[in-house]
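Protein sequences appear in the order of chains A and B. Positions 1 to 244 (the working numbering) are the ones given, in order, by the first sequence. Positions 1 to 244 (the working numbering) are the ones given, in order, by the second sequence.
If you're looking for bench data, these hints aren't it; they were derived computationally from the structure. Since the structure is predicted, the reported quantities are computational estimates derived from the model, not experimental observations. Certain hints may be false.
Identical chains blur together in the list; that is why a pair holds if it fits in one copy or across any two.
[Stated by the list, open to error] With a straight-line Cα cutoff of 16 Å, these simulated EDC-like cross-link-like pairs (lysine to aspartate or glutamate) come out:
#, residue 1, residue 2
1, Lys102, Glu53
2, Lys44, Glu80
3, Lys139, Glu150
4, Lys217, Glu206
5, Lys233, Asp43
6, Lys194, Asp64
7, Lys219, Glu163
8, Lys106, Glu224
9, Lys130, Glu150
Read off the chains here:
2 protein chains.
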Amino acid sequence: MRAAVFDSGVGGLTVVKSLLEHNLFEEIVYFGDTARVPYGIKDKNTIIRYSLEALEFFNNFEPDILITACNSVSAHALEELKTSAPYPVVGVIEPGVLAAKKRLKKDENILIIGTNATISSKKYERLLTKEGYFNITSKPTPLFVPLVEEEIFEGPVLEAAMEHYFKGLNPDGIILGCTHFPLISHAIKNYFEKAKLIHSGEAICEYLEEHLGIKEKNKETRIELFASENPSKLKKIAALWCGI
Amino acid sequence: MRAAVFDSGVGGLTVVKSLLEHNLFEEIVYFGDTARVPYGIKDKNTIIRYSLEALEFFNNFEPDILITACNSVSAHALEELKTSAPYPVVGVIEPGVLAAKKRLKKDENILIIGTNATISSKKYERLLTKEGYFNITSKPTPLFVPLVEEEIFEGPVLEAAMEHYFKGLNPDGIILGCTHFPLISHAIKNYFEKAKLIHSGEAICEYLEEHLGIKEKNKETRIELFASENPSKLKKIAALWCGI
């Protein structure tokens with residue numbers, strides 16, 4: 001199977017890392033819209049427009065499935081992508097909620113963090129409420145994105161930013177609702193020692209295996225990386241984060 | 001006179017504020033490319049492409065002059081804009097250097113801060129060196145942009161970010177090489193008590209008055225605001241920052 005993975009930039013490589021660890025596809029075609037990144041500060045209509053343009057790019061590769069690694073895309077453009085794509089489209093939000101359901105009791109306190117676009121969509125919140133959760137706090141944490149982009153994964157600036165966003169909270173579980181956040185999961189884990197972290201990459205692998213019946217392959221995954229600007233930077237980060 | 005003001009987003013409103021205070025134009029047409037902001041993390045070629053697209057938009061208004069408020073545009077796309085525009089184009093970098101020249105002695109220590117795109121261009125550095133300055137430090141401070149976007153103008157996160165970037169430095173003058181930075185100039189002034197700050201908005205007004213002979217008008221400035229997404233947010237920020 002050939003999977004297309006769409007992200008607003010390089011962050012989706014954290015999802016690719018999980019897909020490679022689970023070895024679910026023969027081939028992955030990744031496109032990061034680095035020329036227009038970040039999507040998380042943009043409007044619904046803009047995110048839909050950019051996502052449909054990415055779809056045209058992927059159509060050249062005739063993928064078997066499209067995975068939208070970007071939470072902002074999954075929150076705002078999933079329906080439009082599903083309507084337009086001639087193949088199945090899977091976002092990261094429903095898998096994230098199902099992963100939370102496996103790890104957290106209904107009365108446990110869930111914190112959802114993400115970009116402004118993802119949090120304002122209330123998509124995680126609605127699906128969790130439907131599943132019976134009622135202790136839900138949603139918090140946009142947009143500064144974490146440029147911190148990761150600057151490779152600040154620990155230290156005083158990140159600690160001040162965590163204190164700014166997290167002060168007074170005490171969650172049992174945290175949904176990392178942005179592909180950048182797994183890179184600071186160690187710091188978040190230090191801040192909230194007892195909280196369980198839900199990671200989009202792990203969640204999507206569980207979803208593909210358990211709900212779509214996609215099983216581990218024997219062959220190694222071939223991967224092709226594309227970016228709307230600076231593909232060499234994307235390849236460098238892929239080497240660093242995913243060892244490819 | 002009708003001035004076109006181009007910025008990657010809302011930051012250029014700090015330049016508009018100065019233009020309004022100096023009352024140099026009968027009319028200002030502002031365009032912020034909010035659907036593709038920020039430019040400061042993007043490549044030279046992408047910045048040129050987006051800038052030339054903005055030029056097509058401005059051509060509809062037949063402006064007498066185009067001011068590129070955005071430092072990243074001024075650093076990377078000014079020559080291309082000058083070649084393509086049928087009217088004069090003024091960036092903020094040369095005015096910033098001339099403003100520094102009026103305020104700082106040749107042997108004084110100058111710190112240039114800006115986005116990755118602006119700093120990597122070395123444009124401020126080259127012009128300052130040409131003017132005889134030799135104590136120059138350039139520092140990309142990209143986190144300041146999202147901090148301002150989040151309306152964090154003071155407090156522990158900004159202080160940690162300043163400490164991260166500024167530790168060990170002791171400048172006599174600082175060039176605020178990004179339209180967002182005037183909004184945190186108070187905090188920067190607190191950090192470096194003796195440093196003189198050079199602000200793009202003030203610098204461009206001095207340049208227009210002293211080098212292009214544009215004088216204060218009697219009439220009030222009419223202003224039209226356009227954005228590639230969410231123009232209502234731009235108008236709200238204009239009301240807040242510029243009182244318009």
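We went through each hint and held it up to the structure:
With identical chains, the CA atoms of Lys102 and Glu53 are never at most 16 Å apart, being 35 Å at best within one copy and 49 Å at best between copies. With identical chains, the CA atoms of Lys44 and Glu80 are at most 16 Å apart within one copy only, with a shortest distance of 11 Å there and 32 Å across copies. Proximity of Lys139 to Glu150 under the C-alpha cut-off of 16 Å is restricted to the inter-copy arrangement: shortest distance 13 Å between copies versus 22 Å within a copy. Proximity of Lys217 to Glu206 under the C-alpha cut-off of 16 Å is restricted to the intra-copy arrangement: shortest distance 15 Å within a copy versus 66 Å between copies.
In this assembly of identical chains, the alpha carbons of Lys233 and Asp43 lie at most 16 Å apart only when taken from different copies (11 Å versus 26 Å within one copy). In this assembly of identical chains, Lys194 and Asp64 lie within 16 Å of each other by CA distance neither inside one copy nor across copies; the values are 39 Å within and 62 Å between. Within a single copy, Lys219 and Glu163 get their C-alpha atoms no closer than 45 Å, and across copies no closer than 49 Å, so neither meets the 16 Å cut-off. Taking the closest pair of Cα atoms, Lys106 and Glu224 never come within 16 Å of each other, the shortest separation being 41 Å inside a single copy and 52 Å across copies.
In this homomeric assembly, Lys130 and Glu150 never come within 16 Å of each other (Cα to Cα): the closest approach is 37 Å inside a single copy and 31 Å across copies.
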